[in-house]
Amino acid sequence: MPRLLRKITHNRWELDAERRPKWLAEGEIPADPVTELKTTKNKLSVWDVGVDLDLIKRIAAAMTIQSKHLNNTFDYVLFDSELLETEGIEMERAEGATCDKDLNKRHINLKHLSAQKLVRLTDELLSKSTGIKFDRENPKTVGEYILEGISEGRLDANTIPTSIAGKLDRWFGSKWRKTNAKGMR
Amino acid sequence: MSSGATIPLIEEHVSCNPDSNATDSETWKSLRDLLSHYAEKSQRHSLTQQSADIGAPHVNFQVRFLLCYELLCKPEKLEQHSDIHTTKVVRTVVDPSGVAESCTFLEGYIQATENSTTQQLPGNDVMRDVRRVLERLAYLDLYDESDDESTETIQNLIYLYGNFGICEIHYLIVNNEVAPEVAEFVLRILGDIDHAETHDYRRWVLEQVLLRCSSPDLRDSANIGLALMDDPKSIESLQSAIDKESSPFLRELLGKTLGQLENTKNASIAKEDYT
Chain A
386 MPRLLRKITH NRWELDAERR PKWLAEGEIP ADPVTELKTT KNKLSVWDVG
436 VDLDLIKRIA AAMTIQSKHL NNTFDYVLFD SELLETEGIE MERAEGATCD
486 KDLNKRHINL KHLSAQKLVR LTDELLSKST GIKFDRENPK TVGEYILEGI
536 SEGRLDANTI PTSIAGKLDR WFGSKWRKTN AKGMR
Chain B
277 MSSGATIPLI EEHVSCNPDS NATDSETWKS LRDLLSHYAE KSQRHSLTQQ
327 SADIGAPHVN FQVRFLLCYE LLCKPEKLEQ HSDIHTTKVV RTVVDPSGVA
377 ESCTFLEGYI QATENSTTQQ LPGNDVMRDV RRVLERLAYL DLYDESDDES
427 TETIQNLIYL YGNFGICEIH YLIVNNEVAP EVAEFVLRIL GDIDHAETHD
477 YRRWVLEQVL LRCSSPDLRD SANIGLALMD DPKSIESLQS AIDKESSPFL
527 RELLGKTLGQ LENTKNASIA KEDYT
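Same order as they appear, the protein sequences are chains A and B.
For the first sequence, this note's numbering begins at 386 and goes up steadily by one.
For the second sequence, this note's numbering begins at 277 and goes up steadily by one.
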């Protein structure tokens with residue numbers, strides 16, 4: 386059973402006593418988390434991390450490079466694909482488009498999504514029931530994953546955007562410069 | 277002269293000299309002398325009472341800043357006046373636990389001004405510009421990570437006004453005078469910007485928001501800002517924030533940042549030992 390990852394922004398998903406809007410009626414969910422599950426052609430992009438949680442590092446690194454920014458956290462939610470069966474949501478393998486070619490094979494689209502299905506999925510995720518986990522990687526930690534990716538030859542140093550390279554230089558200094566020089570060869 | 281006349285007098289002093297450039301060093305110094313004069317006459321208590329009113333936007337930035345300076349540089353006096361915690365000025369920059377650090381940066385600024393014949397201090401421009409920029413950001417989708425233009429605008433504001441700009445940003449954030457999403461965005465940039473001159477004050481502002489803001493979203497944004505800044509000097513504040521954090525999830529996230537800063541500190545120590 387695949388374990389799926391979707392990138393999100395945490396503060397849109399937190400509904401504890403302090404954050405739950407006062408105007409929100411009992412049993413309703415706010416609109417913001419629904420808009421975080423942005424679809425294209427009624428498909429929602431997720432990643433299959435299986436049981437290998439190390440893949441999260443690779444996804445964080447690859448998606449950050451793709452976004453060209455390392456100025457925010459990598460927030461995500463993990464959930465079991467079983468949840469989709471309950472909601473009647475179908476999955477299809479679809480090659481990802483990141484700079485980590487092997488990782489791209491782990492990309493999945495949730496397809497044939499109606500608005501109702503999307504709202505139900507959001508509701509399920511907000512319930513934070515068993516098998517659903519919200520977590521975060523700090524920007525510098527993602528930077529370490531990028532360095533690892535380059536060292537292991539999965540990521541090409543030439544594809545690192547200047548803005549990200551600047552941050553890596555600030556945080557890791559000589560370690561980054563050595564990794565970068567090696568990766569450029 | 278009664279202490280009740282102090283603030284109007286200072287305001288008058290500023291408003292009467294608009295053409296002579298109220299932001300020049302001479303005016304700044306004379307204002308400070310004026311303030312010191314009343315402070316020395318043991319009228320500080322009344323002064324702090326009055327400072328409750330001077331956080332209003334119409335009041336000259338210098339007056340607000342000067343009062344903060346005076347309060348900050350005499351930390352022992354603060355303890356005698358618990359009422360000052362309720363004032364807008366105090367909520368802006370004055371806080372007993374942060375006094376020592378704040379004094380450092382403020383004193384640095386005053387000294388820099390006194391030693392410089394050319395430096396012009398920002399006056400009301402800083403208030404107007406910071407407010408205008410933050411208001412404009414409220415119309416943008418700041419969740420769009422590729423919004424380089426907004427990031428650059430805030431960065432330029434800080435490059436231009438330095439600690440004065442940050443003082444105003446802090447004031448607007450803690451007094452809820454900016455949209456929450458703008459405040460969250462700006463706090464992250466405060467941690468992200470690479471600007472040595474304002475580093476310590478930005479760190480202090482982020483720590484204050486983390487420790488004292490009632491909004492968990494703002495506390496989290498300050499946490500992200502501190503993670504981006506990656507300065508081990510924030511370890512103690514993060515530890516305190518974890519101890520008092522009411523949200524279990526946010527506590528977990530603060531723990532991640534704390535772990536990161538401890539690693540940075542250890543790496544730095546190891547590097548020093550090696551060299």
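Read the hints as simulated data drawn from the structure, not as lab findings.
There's no promise every hint is true.
To be verified - Here are a few chain B residues that sit away from chain A, every Cβ distance over 12 Å (derived from the structure):
hint, residue
1, Asp424
2, Gly438
3, Arg479
4, Ser497
What the hints assert, rightly or not - Distance condition first, Cα-Cα at most 25 Å in a straight line; then the derived BS3-like pairs of lysine-lysine:
hint, chain 1, residue 1, chain 2, residue 2
5, B, Lys541, A, Lys518
6, A, Lys563, B, Lys541
7, A, Lys392, A, Lys423
8, A, Lys442, A, Lys407
9, A, Lys560, B, Lys520
10, A, Lys442, B, Lys541
11, A, Lys513, A, Lys486
12, A, Lys518, B, Lys532
13, B, Lys520, A, Lys563
14, A, Lys407, B, Lys520
15, A, Lys423, A, Lys496
16, A, Lys442, B, Lys520
17, A, Lys513, B, Lys509
Even glycine gets a Cβ: it sits at the ideal position worked out from N, Cα and C.
How the hints compare with the structure:
1. The beta carbon of Asp424/B sits about 8 Å from the closest Cβ of chain A, which is not more than 12 Å, so the claim that it is off the interface is violated.
2. With a minimum CB-CB distance of about 20 Å to chain A, Gly438/B clears the 12 Å threshold, and the non-interface call stands.
3. Listed as outside the interface, Arg479/B is consistent with that label: its C-beta sits roughly 15 Å from the nearest C-beta of chain A, beyond the 12 Å cut-off.
4. Residue-level check failed: Ser497/B sits 8 Å from the nearest beta carbon of chain A, not beyond 12 Å.
5. A hinted pair counts as satisfied when its Cα atoms are at most 25 Å apart, and Lys541/B with Lys518/A does not qualify at roughly 30 Å.
6. For the given pair, Lys563/A sits about 21 Å from Lys541/B by alpha-carbon distance, which is consistent with the 25 Å threshold.
7. Distance restraint check for Lys392/A and Lys423/A: the Cα-Cα separation of roughly 11 Å lies within the 25 Å cut-off, and the hinted pair is therefore satisfied.
8. Using a Cα cut-off of 25 Å, the hinted pair Lys442/A and Lys407/A is violated, with the two alpha carbons roughly 37 Å apart.
9. For the given pair, Lys560/A sits about 36 Å from Lys520/B by alpha-carbon distance, which is inconsistent with the 25 Å threshold.
10. Only pairs whose Cα atoms come within 25 Å are accepted, and Lys442/A paired with Lys541/B is accepted, the gap being roughly 23 Å.
11. Proposed proximity of Lys513/A and Lys486/A is contradicted: the alpha carbons are some 32 Å apart, above 25 Å.
12. At most 25 Å may separate the alpha-carbon atoms for a hinted pair to count; Lys518/A and Lys532/B meet this at roughly 16 Å.
13. Under the criterion of a C-alpha separation no larger than 25 Å, the hint pairing Lys520/B with Lys563/A is inconsistent with the structure, at around 41 Å.
14. With a CA separation close to 24 Å, the supplied pair Lys407/A and Lys520/B stays within the 25 Å bound.
15. At roughly 12 Å between alpha-carbon atoms, Lys423/A and Lys496/A fall within 25 Å of each other, so this suggested pair holds.
16. The straight-line distance between the Cα atoms of Lys442/A and Lys520/B is roughly 30 Å, outside the 25 Å bound, and the hint therefore fails.
17. Annotation: proposed proximity of Lys513/A to Lys509/B is violated, straight-line Cα distance about 35 Å (limit 25 Å).
Hint check: violations occur at hints 1, 4, 5, 8, 9, 11, 13, 16 and 17; the rest are consistent with the structure.
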